[in-house]
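The whole structure should be built from the sequences, with the hints applied where relevant.
Numbering (UniProt numbering), first residue to last: 1 to 145.
Since the hints were derived computationally from the structure, they do not count as laboratory data.
Bear in mind the structure is a predicted one, so any value in this text is a computation, not a measurement.
Please note: incorrect hints may appear among the correct ones.
Claimed, not checked - If you anchor each label on the Cβ, the simulated ranges turn out as follows:
1. GLN111 to LYS5: 15 to 21 Å
2. LYS127 to VAL103: 14 to 20 Å
3. LYS42 to SER124: 30 to 36 Å
4. ILE70 to MET125: 27 to 33 Å
5. LYS133 to THR8: 28 to 34 Å
6. ASP122 to ASP89: 28 to 34 Å
7. ASP45 to THR8: 31 to 37 Å
The C-beta atom is built at its ideal place from N, Cα and C for all residues, glycine as well.
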Amino acid sequence: MELAKVQTGHELIEVTINGRPGLFVLDSGASGTVIHAASLHKYFDDVGDVASIRNGFGAGGEVQISRHAIDSFEIDGVPYPLATIASIDLRHVVTGLETRAGVTVDGVVGQDLLTSFKGIIDVSMSKLYLEPKKPDNPPAPSTQT
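Next up, the structure:
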């Protein structure tokens, strides 16, 4: 999958959530995939439909995290198994990229998606490869003839 590298060095990726496209930052250091709370309206007809709310910790300290059930999550037209997605205030990320790179992002793709697959980021080529993981314990070959 093609990534867009912006002048800040961040890699951006196009995603589709609930059939609606958007631009997200690819962040292998982020534990989860999140939507900027102010962008929820773009992906959900009812932004008040929240599966759960809790407090968590981010780079800026304690944050409120809301989880939202999603119907679909795709990258490059390929569906990925995310049943819910978190939303937090990503104003510092969104504003920073708008100011320094002239792009508007709606969220971050994080480790939850990358570690569900064999995720390889080729930074020199600005590409993301997501391959299905092989089973940890594949069945032993049959010795019967």
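For each hint, the structure was consulted:
1. GLN111 to LYS5: 15 to 21 Å: Check passed, 20 Å falls within 15 to 21 Å.
2. LYS127 to VAL103: 14 to 20 Å: 19 Å, holds
3. LYS42 to SER124: 30 to 36 Å: About 32 Å separates the Cβ atoms of LYS42 and SER124, which means 30 to 36 Å holds.
4. ILE70 to MET125: 27 to 33 Å: Between ILE70 and MET125, where Cβ atoms are some 30 Å apart, the hint holds.
5. LYS133 to THR8: 28 to 34 Å: 31 Å, holds
6. ASP122 to ASP89: 28 to 34 Å: The hinted range 28 to 34 Å holds for ASP122 and ASP89, with Cβ atoms some 31 Å apart.
7. ASP45 to THR8: 31 to 37 Å: Holds: the Cβ-Cβ distance is about 33 Å, inside 31 to 37 Å.
Violated hints are absent here; each numbered hint is respected by the structure.
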